[in-house]
Amino acid sequence: MEALGNLLLGFSVALSPVNLLWCLVGVFLGTVVGVLPGLGPAATIAMLLPLTLKMDHTTAIIALAGIFYGARYGGSTTSILLNIPGESSSVVTCLDGYQLARQGRAGAALGIAAVASFVAGTIGVLGLMLVAPPLARFALRFAPPEYFALMTLGLAMVVFLAGPSMIKALLALLIGLWLSTIGIDLFTAESRFTFGQAKLLGGVDFIAATVGIFAIGELLVNLESRAGAELFKVAKGFRNLLPTLQDLKDCRFAFLNGSLVGFLVGALPGAGATVASFLAYGLEKAFSRHPEKFGTGVIEGVAAPEGANNADAGGALVPLLTLGIPGGNTTAILLGGLILWGYRPGPLLIQEHPQLFWGLVASMYVGNFLLLVLNLPLVPLFAQILRLPYYILYPLILGISIVGVYSVNNSSFDVWVMALFGLLGYLMRKLEFPAAALILGMVLGDALERALRQSLMMSQGDIMILATRPISGTLLLLAAVILLMPAARKVRSWRLDAIERAG
Amino acid sequence: MIKNAADLISGVCLAAFGAYVLSAASRLSYFSEVGPGPGFFPFWIGIGLVFLSFWLMLPSCLPRRMAAKKTERAGWKPTGKALTAWLAIIAAVALLERIGFGLSFAFLTIFLLRGLEQRPTLIAFTVAVGLAAAFYAIFTLALGVRLPAGLWGF
Amino acid sequence: MKNTMRLTVAAATVAILFPQLSWGQDFKPSKQIETVVHTGPGGGSDLFARAIAEMLQKENLIPQRMQVVNKSGGGSAVAMSYLAEKKGETHTIGFFTGVWVTNPLTTAEATVTIKDLTPVVRLVLEPAVVVVKADAPYKNMKDFIEAAKKSPNQLRQAGGSVTGRDNLMRLLIQKATGAQWTYISFPSGGERLSNLLGGHVQMMVIEPQEAGEQIRAGNLRVIASLTEKRLPSLANVPTIKEQGIDVTIIPQARGVVAPPGVSRDVVHYWEGVFDRFTKTATWKQYLEQNQFEDGYLKGPALAKFFDDLTAQMRDVLKEAGAKVVR
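Protein chains in written order, with this note's numbering: chain A, 1 to 503; chain B, 1001 to 1154; chain C, 2001 to 2326.
No lab work stands behind these hints, which were simulated from the structure alone. Accuracy of the hints is not assured; some may be wrong.
Mimicking BS3-like on lysine-lysine, the simulated pairs with C-alpha atoms at most 30 angstroms apart in a straight line are [claimed, not checked]:
1. A:LYS430 x A:LYS293
2. C:LYS2175 x C:LYS2087
3. A:LYS430 x B:LYS1081
4. C:LYS2241 x C:LYS2087
5. C:LYS2031 x C:LYS2279
6. C:LYS2241 x A:LYS54
7. C:LYS2175 x A:LYS54
8. C:LYS2279 x A:LYS54
9. C:LYS2229 x A:LYS54
10. A:LYS54 x C:LYS2323
11. C:LYS2304 x C:LYS2115
12. C:LYS2139 x C:LYS2241
13. C:LYS2031 x C:LYS2115
14. C:LYS2284 x C:LYS2175
15. C:LYS2323 x C:LYS2175
16. C:LYS2142 x C:LYS2241
17. C:LYS2279 x C:LYS2229
18. C:LYS2087 x C:LYS2031
All values reported here derive from a predicted model rather than from experimental measurement.
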């Protein structure tokens, strides 16, 4: 098999001492960057680009890519321990991860995140290696109607984030959708809901909003309780700080789910890891035997999104390396790096520079392995953070939130946004509105609206275009099925009750 | 139950918000010859908000539910504490650019620990200064991340 | 003696209080130079600024590092207002593009215009070409126009914002030829390209270096170049004017500006740096690699360029039906 031969070539490149060292540096740096909210992989890679000019190019891309997928590993740490999403793709991990931490299972959550990331990252690399060109061609078939269908499928996930009150979830979703409309409208250059502020022209900063709702909101809720109450039980003993075999067994489906969803969504330019993590979470809950427990601390609820955001890294490299099309911010910067070093990423890159592509692919296997080895032993260490007395923990959370949010754009306006959303998060908790639904609305809102308007522009106003195209039709059907599932379940349980009473 | 009164209030607020969204959306163009305009999406969001908030308020308005409204007022006293903390955070954010991150964070920490949590002054002070210094060391010095700097460079 | 002392103290006082008046003192950067761009990391302006910074350092033309600061949001609004706030600051510059001129014209919240900032130099003009899929039935611009005329609004062009160059050129061409086709906005270049390659749109306007690899791989065909003269790397592609469509070419310029109130010394310094820079082989190679046109301009000519461009953009935008607020 040609791919095997190429892979062996790749490994010979990836396992050279220099490349191995820089792979380690890259993934380590990526993990650190991912842990801290605000300082993202794109900005870090941009900062390091000048340093890479003196390096061998294959080494350089191995290091930079290491930062890219390493950051996905790190993002889960603060999400689970402090309810602060380190990256926008780790927001979903906060939902069950933080709850697990509160129940004393922080170690298990962190561990399963590492394992899921490893499995998904590896599957992502496998995908990159085996199906990159055909997948890229398939991804080209995604036009606006397909994106709309995908986003609708994502929105259907609100059904799974609802909790007890569907109405409140829908209201929260609508607020989130409204928030996503703030800014300049792409198609008409008109500004919406900017209240005269130039800083809102780009919309509400997503990290500022999510850190505000999750971290600050949670902090305010915790401040209500009597002083001195210890929030977290931290299990003693090394074995209790890692996921159990039962945990690993429970997550079998989640691993697969996260990997596939993440990889496929990542290959679509414009759809990011955040969407992938929501979809994976929703699908996991849809097919779970105990869906009502999601949100209270279910281990699969961590495994699925964490897997998705790692496989997405592999997926995002598909259009970049096969067609030269960047899928998002970070891949755009990687593209910039390649161009800076004199390469011209495009369809001919793999043929003309096989050692670059295959060296990178092989180093990603190595990198994922290194990350697992690095992260697992650190899990008990990180879990100890929760042992800190609350009077250190609260200011720590506040400090990290402020610094993280500020550093995204060097903007204190964003910190204001964070503070306002903190109040919103607090009120939502008190009034029992699910914050996750609001976040879902924010994430998907403008992609959904854009895709709809683009589709209608394409079809000259004919809305049937959404149903008649095969891919979008299928996805919409799936969305409809998911939306009807709770109703179907209710009907089934009524019928079962009826049968029981009759029998 | 307390939930009903809370639902009623939030329903009213959300309905008002929905009305605002509708009015703003109506000032934008709804449909143009190339497809839905910028007002299309917000318009339907506004409709959804108003409709759903009425649905939310409905159970609270029905007479038979009123009897079950046993108020648990105690549930709202700690809110005062949380809101005070939030105001302190707002104050710190307002001062960020003026006096720099280090000082505003230190003041905020001291206020939270000493004022709200009634911890001994020494602990509040130590934690505040310690964490502020740590943030400075890690972020500004080691990572080169720019933090709001006040008059003294931190 | 006393008088000399008094004079010296007076001169020193003036020099301290009014540094701009210090004569004989040429400006030289003494700390990191803050370089403001309006895109996030990886965006066009960001990569351009980083490349320039890299080359300037390689040629030892500046004694301090240039630190790229991303101030994205609202097109160029956030970056421009950030620069405007840094009035008189000598160690801050910004990299502008055409958006810096057009954005304030259509967006009420973007209160800082290009005239408010201090022009320094214009560096390049980015040409654009019209591309279609390689297996499309349009061999040249005429074919496309004919097809568009036959089925008005059925053909589709992928582009960026409606106030961007892509759409404005489309409107000018439509007016000149009477043809009509739809414009669909996609926020990122990657999406535009993938929609074109996937056959969901028929045509797009793109910078030649972005399309270079696709052309080389045989996926795209260039049917016209939107330039005054043929591009050296695409010598057998006729310009739009050569194909009989007489439209004003809207330039996409990139260059450097400084905050308002910056002294002549500082501008002079940068002009000196770029004078030397644009003569280096590194620069020439960069231009060639990226298929930019050398658009070096400074001083009063640059100020006039901004004025002319603003007026031109205002007219075109009004015709395009966009809401012009300034």
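Report task. For the pair we were handed, LYS2087 of chain C and LYS2031 of chain C, check the Cα-Cα distance against 30 angstroms. Result -> 17 angstroms, holds
Query raised in the report: Under the criterion that the straight-line Cα-Cα distance not exceed 30 angstroms, is the pair LYS2139 of chain C, LYS2241 of chain C satisfied?
Result: 16 angstroms, holds
Query raised in the report: When you check the alpha-carbon spacing of LYS430 of chain A and LYS293 of chain A, does it fall within 30 angstroms?
Result: 20 angstroms, holds
Query - 30 angstroms limit on alpha-carbon distance, applied to hinted pair LYS2284 of chain C and LYS2175 of chain C - result: It is violated: about 37 angstroms lies between the C-alpha atoms, which goes past 30 angstroms.
Query raised in the report: LYS2323 of chain C and LYS2175 of chain C: Cα distance at most 30 angstroms?
Result: 19 angstroms, holds
Query raised in the report: Straight-line Cα separation of LYS2229 of chain C and LYS54 of chain A no greater than 30 angstroms?
Result: Roughly 37 angstroms separates the two Cα atoms, so the pair is violated.
Requested in this report: Would you check the hint for LYS2304 of chain C and LYS2115 of chain C, treating anything up to 30 angstroms between C-alpha atoms as holding?
Outcome: Given that 30 angstroms is the threshold and the Cα spacing comes to 10 angstroms, the pair holds.
Query raised in the report: Is LYS2279 of chain C close enough to LYS54 of chain A, meaning Cα to Cα at most 30 angstroms?
Result: Holds. LYS2279 of chain C to LYS54 of chain A sits at ~24 angstroms (cutoff 30 angstroms).
Query raised in the report: Holds or violated: LYS2175 of chain C with LYS54 of chain A, Cα cutoff 30 angstroms?
Result: 51 angstroms, violated
Query raised in the report: Does the structure keep LYS2142 of chain C and LYS2241 of chain C at a Cα separation of 30 angstroms or less?
Result: 11 angstroms, holds
Requested in this report: Would you check the hint for LYS430 of chain A and LYS1081 of chain B, treating anything up to 30 angstroms between C-alpha atoms as holding?
Outcome: The hint holds at about 14 angstroms.
Query raised in the report: Is it true that the CA of LYS54 of chain A sits at most 30 angstroms from the CA of LYS2323 of chain C?
Result: 49 angstroms, violated
Of the numbered hints listed earlier, those contradicted by the structure are 2, 4, 6, 7, 9, 10 and 14.
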